[in-house]
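Undergrad: In order, the protein sequences belong to chains A and B. Using this note's numbering, you'd call the opening residue of the first sequence number 1 and step up by one each time. Using this note's numbering, you'd call the opening residue of the second sequence number 1001 and step up by one each time.
Derived by calculation from the structure, the hints in this document are not laboratory data. As the structure is a computational prediction, the values presented were derived from the model and not from experiment. A portion of the hints provided could be inaccurate.
Heads up, simulated EDC-like pairs for lysine to aspartate or glutamate below, C-alpha to C-alpha not over 20 Å straight-line [to be verified]:
1) K1127/B <-> D263/A
2) K47/A <-> D263/A
3) K1081/B <-> D1063/B
4) K1109/B <-> D1058/B
5) K1109/B <-> D97/A
6) K1067/B <-> D276/A
7) K1127/B <-> E1079/B
8) K54/A <-> D263/A
9) K1127/B <-> E1105/B
10) K1113/B <-> E1097/B
11) K1067/B <-> D280/A
12) K1109/B <-> D1063/B
Calculated Cβ distances over 10 Å to all of chain A for the following chain B residues [to be verified]:
13) D1058
14) K1067
15) D1091
16) S1092
17) S1102
18) D1129
19) V1144
C-beta atoms are modelled at their ideal positions from N, C-alpha and C, and glycine is treated no differently.
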Amino acid sequence: MTSEPVVVLAHGLGGSSDLPIPYTYALIGAAWALTFTFAVVALAWRKPRFDPDKPGHALPQWVTTVVDASLTRWALAAAGLLFAAWVAMAAFFGRPDGNPVPGVFYVLMWVGLVAASVAIGPIWRAISPTRALYRLLRLARLPAGGGYPRRLGYWPAVVGLFAFVWLELASPDPGSVSAIRLWLLAYIVITLTGAIVCGDRWFGRADPFEVYSVVASRFSPLRRSPQSGRIEVGNPFDHLPTLPIRPGTVTVLGVLLGSTAFDSFSAMPVWRTFVDRQTDSAATATLMRTAGLLAFIAVVVVTFWFAARATGGVDARSRQRLPGLMAHSLIPIVLGYMFAHYLSYLIERGQQAVIDLADPLGHGWNLLGLGNAEVNYVLSLHPSVLATIKVCCVVGGHVAGVIAAHDRALRVLPAGYQLTGQLAMMLVMVGYTFTGLYLLFGG
Amino acid sequence: MTATHPDKRFLALLAAGAVLLAGCGSGGDSENAQSSPTTPSATTISPSDMQNEQAPPDRLLIDVTIKGGEVNPTNATLEAKTNEQIVVKVDSDAADELHVHSTPEHTFKIEAKPAQQFQFTVGVPGKVDIELHQLGTTVATVQVQP
Chain A
1 MTSEPVVVLA HGLGGSSDLP IPYTYALIGA AWALTFTFAV VALAWRKPRF DPDKPGHALP
61 QWVTTVVDAS LTRWALAAAG LLFAAWVAMA AFFGRPDGNP VPGVFYVLMW VGLVAASVAI
121 GPIWRAISPT RALYRLLRLA RLPAGGGYPR RLGYWPAVVG LFAFVWLELA SPDPGSVSAI
181 RLWLLAYIVI TLTGAIVCGD RWFGRADPFE VYSVVASRFS PLRRSPQSGR IEVGNPFDHL
241 PTLPIRPGTV TVLGVLLGST AFDSFSAMPV WRTFVDRQTD SAATATLMRT AGLLAFIAVV
301 VVTFWFAARA TGGVDARSRQ RLPGLMAHSL IPIVLGYMFA HYLSYLIERG QQAVIDLADP
361 LGHGWNLLGL GNAEVNYVLS LHPSVLATIK VCCVVGGHVA GVIAAHDRAL RVLPAGYQLT
421 GQLAMMLVMV GYTFTGLYLL FGG
Chain B
1001 MTATHPDKRF LALLAAGAVL LAGCGSGGDS ENAQSSPTTP SATTISPSDM QNEQAPPDRL
1061 LIDVTIKGGE VNPTNATLEA KTNEQIVVKV DSDAADELHV HSTPEHTFKI EAKPAQQFQF
1121 TVGVPGKVDI ELHQLGTTVA TVQVQP
């Protein structure tokens, strides 16, 4: 074969992408989504069921003791720092082909973090290298910092998340190691400076990865008991409403959902041909993709905002609070679509990234024997299984979102408006799901 | 490369608008260049056409022309099977690189000459972009089915 390794990867990671799901799968998924939605609105419970204060099944005390032990915390922080140093070595001195940095950045940090957060909780807080650096600085007598301005809310994280999806989906060369390196350096500098100025609140509000991890972890069955702080297993639907409502909460979810949809959309030949026709230079193509990405995010945020407010019987002040109060119901939809879209990336490119990490500099190292492993393309080789999983993720996420929204509507909407007040939200959610399925089916 | 791009719109305008300017060109070559943008890529590269031309039917031929920064076809959608021979035939007036975003990836050097052939197979099913790296143009996306 006259092939040689690719030097610069397009589309972030290069390689092939998933086959479109068959038409019938999309149709069946859409039918189920619609049926479930109206079944929930018309037939489901009429009294709110989910309550964040409802106790779960507490795990044995030693689990909480071990998780909270300062030895565990320092070990996790050290592991995070060590891993970051290893990746930094690859970013600065790695070979151009087979460099693990794009895989670590786009797959492990973006998709792997979500999977881990749903499974066990907001893990980024424990492994974040910037938090670890900050803890070391505090040990060296750094003052605690001034306090985080409440009005900023999640907006710095929105900017950070947008910067991430912009690099992946709109920038001229997403796969370039130097671009990712620059992004990560800026992220570390901004996060550390913010924490030094505003104190450690900054991490929870402004670090895009931590906010992302916290958002995903609200659908985890594992949580801390609000009363005792013990780790317990509970119903994820009781956990969902604990999503903090701050300025920017809805936009965080809008960035996550809108960007994933734009990723599918921007691979469609119609969009590519359109961009090619309109522009000749890479710079204007980047501008057009940026505009497209912003438009997708804006559509999600604006439709959700209007749908949440579209009810009768409330005064202006409580209407203003409705989008925030409903925001948590978007989490399952985001997660479902995220996994539908990136599951094969996580499983297959994730393996590739781990294998590449064994020898980041191309010196023939073989850390932990990982270099001998071969990627198992188990999902790509079975496209119909993958398509079924995708449709199940999207429809499952939709159903969970609808259930969460229904329950919340019963709690926050006034009597007499609990059914009609939900309708706009249900229609918008059906709209998200139909669009998601349409994009997965490839138009 | 960007210097040649303004030609693109100009050429399209010429070809779409009137043939009379074609007569002003220096010869047959420029006439071809002007007429190519008007031909929709779908008709020149439809998979059924390919198979009629080929003796063995399990082979996908993609005919690519690069002339004055203009590529034909672009963003075509094609289908193939895993391990089927995929042949890309390139007539080019400029050096470039052909990137095949399959798993694993393939890269071929394109020279400024006609009738270059590059051949590869794809073992893992998926959507494979075939891209001209210097021009930043996607020639075709091949849906490789198992």
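Undergrad: Now look at each hint and say whether the structure bears it out.
TA: Evaluated hints:
1. K1127/B <-> D263/A: holds, 14 Å
2. K47/A <-> D263/A: At roughly 39 Å apart (the allowed maximum being 20 Å), D263/A and K47/A break the hint.
3. K1081/B <-> D1063/B: holds, 18 Å
4. K1109/B <-> D1058/B: violated, 25 Å
5. K1109/B <-> D97/A: holds, 17 Å
6. K1067/B <-> D276/A: holds, 16 Å
7. K1127/B <-> E1079/B: holds, 9 Å
8. K54/A <-> D263/A: violated, 38 Å
9. K1127/B <-> E1105/B: Judged against 20 Å, a Cα distance of about 12 Å means the pair holds.
10. K1113/B <-> E1097/B: holds, 13 Å
11. K1067/B <-> D280/A: holds, 15 Å
12. K1109/B <-> D1063/B: holds, 16 Å
13. D1058: holds, 19 Å
14. K1067: Answer for K1067/B: holds, closest chain A Cβ roughly 16 Å.
15. D1091: The claim holds: D1091/B sits with its nearest Cβ about 18 Å from chain A, beyond 10 Å.
16. S1092: holds, 16 Å
17. S1102: violated, 5 Å
18. D1129: Given that some Cβ of chain A is not farther than 10 Å from that of D1129/B, nearest at about 7 Å, it is violated.
19. V1144: violated, 7 Å
Going down the numbered hints, you'll see the structure goes against 2, 4, 8, 17, 18, 19, while the others check out.
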